[in-house]
Amino acid sequence: MPRPPHSDVSVLSPAVAASGRHALDPAASRSDAPGSRPATPASSAIPQLLATKLFVPVSRSAWVARERLDLQLEQGCSGPLTLVCAGAGFGKTTLVADWLRRSKRTAGWYSLDSQDGDSRRFLRYLIAAAQRASAIAADPLLVELAAVASDPDLIAIEFVNAVAELGDPVTIVLDDLHLVEDAAVHRLLAFLIDAAPPNLALIVTSRVEPPLPLPRLRARGLLTEIRAQQLRFTAGETRVFLRTTMGVDVTETALVKLEVRTEGWPVGLQMAALSLRGRDLGTAEAFIDGFAGSNRYVLDYLMDEVLSGLDDEIRRFVLATSILSRLSAPVVNHVAGTQRGQQILEQLENENLFLVPLDDCRQTFRYHHLFGTLLRHELRNTVPAVQVTRLHQLASEALDVAQDYEPAFLHATQADDWDRAETAYLKQHDLRMLQGEIDRINALLRHFPDDEVRRRPALLFKQLCAHDRVRSWGPIDERIEHVRQALRLTPHAQTEAELDAFAAIVRLKNGHVDGMEHALVKAYESCASRSPLMYNMSLMHLSLLYLADDRREQARSVASRAQAVTRALDEPFYGLWGTWWTAVVDLTAGEIDRAAGTLDGLNAELDRLYGEHRPRNTAMAWASYAQVFYERGDLETAGRWIDRALELMDPLQDPANTCGIVTTHAMAEAFRDPLGPGLVTALNYANRVLEQAGMTYFAARLQVLQLRIALSPRSALDPAPLARAWLASPGVRDSTALVFTGVPFPNSRRGSAQLVLARCLARQGALDEATGLAQRCLEQARDAHREPCVVASNLVLAELALQGGHRDAFDAAIREAVQFGQRQRIAGPFFEHGDDLARAAIGLASREGHLAYAQAVERVMTSAPPVDARRAALVAGRRRTAGGTSGRPAEPTAVLSERELEVMHLVAHGLSNAEVGRKLFVAPSTVKKHLEHVYNKLGVRRRTQAVAKAQSLGLLGTPA
Numbered sequence: 005m006p007r008p009p010h011s012d013v014s015v016l017s018p019a020v021a022a023s024g025r026h027a028l029d030p031a032a033s034r035s036d037a038p039g040s041r042p043a044t045p046a047s048s049a050i051p052q053l054l055a056t057k058l059f060v061p062v063s064r065s066a067w068v069a070r071e072r073l074d075l076q077l078e079q080g081c082s083g084p085l086t087l088v089c090a091g092a093g094f095g096k097t098t099l100v101a102d103w104l105r106r107s108k109r110t111a112g113w114y115s116l117d118s119q120d121g122d123s124r125r126f127l128r129y130l131i132a133a134a135q136r137a138s139a140i141a142a143d144p145l146l147v148e149l150a151a152v153a154s155d156p157d158l159i160a161i162e163f164v165n166a167v168a169e170l171g172d173p174v175t176i177v178l179d180d181l182h183l184v185e186d187a188a189v190h191r192l193l194a195f196l197i198d199a200a201p202p203n204l205a206l207i208v209t210s211r212v213e214p215p216l217p218l219p220r221l222r223a224r225g226l227l228t229e230i231r232a233q234q235l236r237f238t239a240g241e242t243r244v245f246l247r248t249t250m251g252v253d254v255t256e257t258a259l260v261k262l263e264v265r266t267e268g269w270p271v272g273l274q275m276a277a278l279s280l281r282g283r284d285l286g287t288a289e290a291f292i293d294g295f296a297g298s299n300r301y302v303l304d305y306l307m308d309e310v311l312s313g314l315d316d317e318i319r320r321f322v323l324a325t326s327i328l329s330r331l332s333a334p335v336v337n338h339v340a341g342t343q344r345g346q347q348i349l350e351q352l353e354n355e356n357l358f359l360v361p362l363d364d365c366r367q368t369f370r371y372h373h374l375f376g377t378l379l380r381h382e383l384r385n386t387v388p389a390v391q392v393t394r395l396h397q398l399a400s401e402a403l404d405v406a407q408d409y410e411p412a413f414l415h416a417t418q419a420d421d422w423d424r425a426e427t428a429y430l431k432q433h434d435l436r437m438l439q440g441e442i443d444r445i446n447a448l449l450r451h452f453p454d455d456e457v458r459r460r461p462a463l464l465f466k467q468l469c470a471h472d473r474v475r476s477w478g479p480i481d482e483r484i485e486h487v488r489q490a491l492r493l494t495p496h497a498q499t500e501a502e503l504d505a506f507a508a509i510v511r512l513k514n515g516h517v518d519g520m521e522h523a524l525v526k527a528y529e530s531c532a533s534r535s536p537l538m539y540n541m542s543l544m545h546l547s548l549l550y551l552a553d554d555r556r557e558q559a560r561s562v563a564s565r566a567q568a569v570t571r572a573l574d575e576p577f578y579g580l581w582g583t584w585w586t587a588v589v590d591l592t593a594g595e596i597d598r599a600a601g602t603l604d605g606l607n608a609e610l611d612r613l614y615g616e617h618r619p620r621n622t623a624m625a626w627a628s629y630a631q632v633f634y635e636r637g638d639l640e641t642a643g644r645w646i647d648r649a650l651e652l653m654d655p656l657q658d659p660a661n662t663c664g665i666v667t668t669h670a671m672a673e674a675f676r677d678p679l680g681p682g683l684v685t686a687l688n689y690a691n692r693v694l695e696q697a698g699m700t701y702f703a704a705r706l707q708v709l710q711l712r713i714a715l716s717p718r719s720a721l722d723p724a725p726l727a728r729a730w731l732a733s734p735g736v737r738d739s740t741a742l743v744f745t746g747v748p749f750p751n752s753r754r755g756s757a758q759l760v761l762a763r764c765l766a767r768q769g770a771l772d773e774a775t776g777l778a779q780r781c782l783e784q785a786r787d788a789h790r791e792p793c794v795v796a797s798n799l800v801l802a803e804l805a806l807q808g809g810h811r812d813a814f815d816a817a818i819r820e821a822v823q824f825g826q827r828q829r830i831a832g833p834f835f836e837h838g839d840d841l842a843r844a845a846i847g848l849a850s851r852e853g854h855l856a857y858a859q860a861v862e863r864v865m866t867s868a869p870p871v872d873a874r875r876a877a878l879v880a881g882r883r884r885t886a887g888g889t890s891g892r893p894a895e896p897t898a899v900l901s902e903r904e905l906e907v908m909h910l911v912a913h914g915l916s917n918a919e920v921g922r923k924l925f926v927a928p929s930t931v932k933k934h935l936e937h938v939y940n941k942l943g944v945r946r947r948t949q950a951v952a953k954a955q956s957l958g959l960l961g962t963p964a
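According to our numbering, the sequence shown holds residues 5 to 964 in order.
By construction, these hints were calculated from the structure, which means they are not laboratory data.
Since the structure is predicted, the reported quantities are computational estimates derived from the model, not experimental observations.
Heads up, none of these hints are tricks.
With a straight-line cut-off of 25 Å between C-alpha atoms, the simulated PhoX-like cross-links for lysine-lysine are: (1) Lys513 with Lys526; (2) Lys923 with Lys941; (3) Lys933 with Lys923.
Please take these sequences and the hints and turn them into a complete structure.
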């Protein structure tokens, strides 16, 4: 069976689609072509769009002019919605397209189909259509939509704001809305209509009444409606249509009869005119006399009349190709078994046989929806079912060659060809995962009968990946075992390799270290030639395991290999992800300067690709930046980076990455404002996110972090109950488990859990045991050249020496801390200890000429509250518990606006900007602006300070 050599549709990058050029147009690839617009830097990060969905259908120049309806369309553009609603064949699309041509109005066009029942896909094409009609900055919005965890509701808000800021009129046509049944899309469209600025006009065509708030819009005078009654041809329009457009001459009497019989139904008139061609006046009038009945009977009659007038070749062609939603020569040739596909398509168009061109080059077409329905009805009634099934198989083959995998998949399902459907599904799964289209992945998977999924290990595994992406790492062992059982019945080498890799990564994430190196090495070796993504993920986590064992060079080598793999993938963000991971490895290994250099380059590349509209996973790089600045003692800058990370993350969309971010956020809050309510807010938020996600790995990290914070002499948290609970936990004194607990994402302090244990032991009086444990941490850090941990270990040893009265040991520890700390300006760890250690380090560094390092430590201590403040905070807390507060601020409600108070109440409860935006139905950028106003009014610089100040003024209820 011959296979089509290339695609049946044009798939363009958004920059090319926005320029209005077809992929086959030679000028589309020339930057010097007249009217071409250069590709934007972000375009490579945006998923490809089907350009033909954005083309205005080409109308015939001889089509009937309908001035009365043109006037309604023109007037409708002064409001948010014009609805053109009528049954099939009333010329809705033709009316709007012809009006645009005659009025020369610039408008974006979006031809919907049944595959558009996904909020992200709908919004992506809507924004692209707006880009074709205006100067709106669409690429940043499209980039944000491409992120794995993007929120269509928030991006819709940003789109409305972008249109409003543009000011110029923006008209967008949504053609055939009735083909979309998804309630989320309807809800999104209703929001766009309600929130539309004065310069945005939407024109919707639909066969059925759309589920939109039409009565409310109608009552407010915000709706223009063109219904079937207005769309029917008048007697004058019927005359022009038959004689001028269709070239049919009938008597005035016959014309009136035909207008009455069809009730002005445009497609009915068109089909009648086709049957009238070649008849003399006498036979034409006889035909019209017998032309009567309801639409259904007229439809059946005209089907016979039109199809019977076609020669056998054309009849077979239109019936065979009626199953296709888009017609192009390579695909129709394969499906219809001909080499004349292009000539036949041009012939059908020239003969007015209901063919709609989808591009300016007449390379891609579709049948008029009504005509296509009739053809498929005739196909089912006249062609054996086995042959129809074969047509769907041929269509799936052709579309697979064209790399148009979703329709290839859908045709395979209609043929019950589950092997081919599985192949088409697997080909698109990984790319859709990279683009964050998890809902669409699951929607396609539901086409398979349950028993087909259960017996196909590859499908079970992909289902497992999609499930895990939005849920927790922990409770999935049972699902993994289901896939293994399927593999025993139906062996599949690639899936077995992918599953082994996936299971090893899950175990590692849950803190199981033993045997993991062998498992991960085996996993990446097995996936090398089978699954680039799982090969890459195995390498990344193997590098993490090597770091836990202080094999830094091996970890860096593995991370570099993973980076090379990610760069070879089509999705550019994952190449940047690989770069981020090398920075994580360096950061965890204590190479602060090296990690900072990598992150500087990464941030510049992210700016180049995405500008201010970065994908959510960029937050992980920003969290790494926060860690760099913390280690260098710049607590303020570290806090700003982690705030930016929090603004991007969404625990509902991406719990795995959010868990790491909120844990790092809690650390940042502790070290920049240990006495304020922001720390409690951050810890509560982190605990809530971890509880919802069920990720025990991050929960263990957070427990250690809370204790580490409480042990700081500047913190108002009481470490005693936290220490008792932690020390009572099983396995706490297991050094291997503690080592791994100390390798978070991202963290340069691999020994932090062991040092926390040492400080807890000292509080219980086991000073010698504590000193021995801290000394072992120091020796391991020296051997591995982990300078941040060398500094941290020496500071703990100095603290223990002070408790034991060992001055020489104290001096030696401070000297080594300064010796190693000044190399990379590692000053942050001093924040966790008393002033005696910092003063000693500053004096020693100054005497030995390390003035920059002395200043860095001094800056940390200057930004920190004094140690005595902790006692005051604890006393104040006890007083509040015992008797409440004294005094009441004067007129606190005059400080903030009502909306600002709403924002602050939600922020005080630990909600991120994205979560606040969802609750208040505004964009995260709007929340950020509200917070900036609050900062100015309250005289603060951070959200935690704002919460503290608002509470002290009584704005959020009882003053804290």
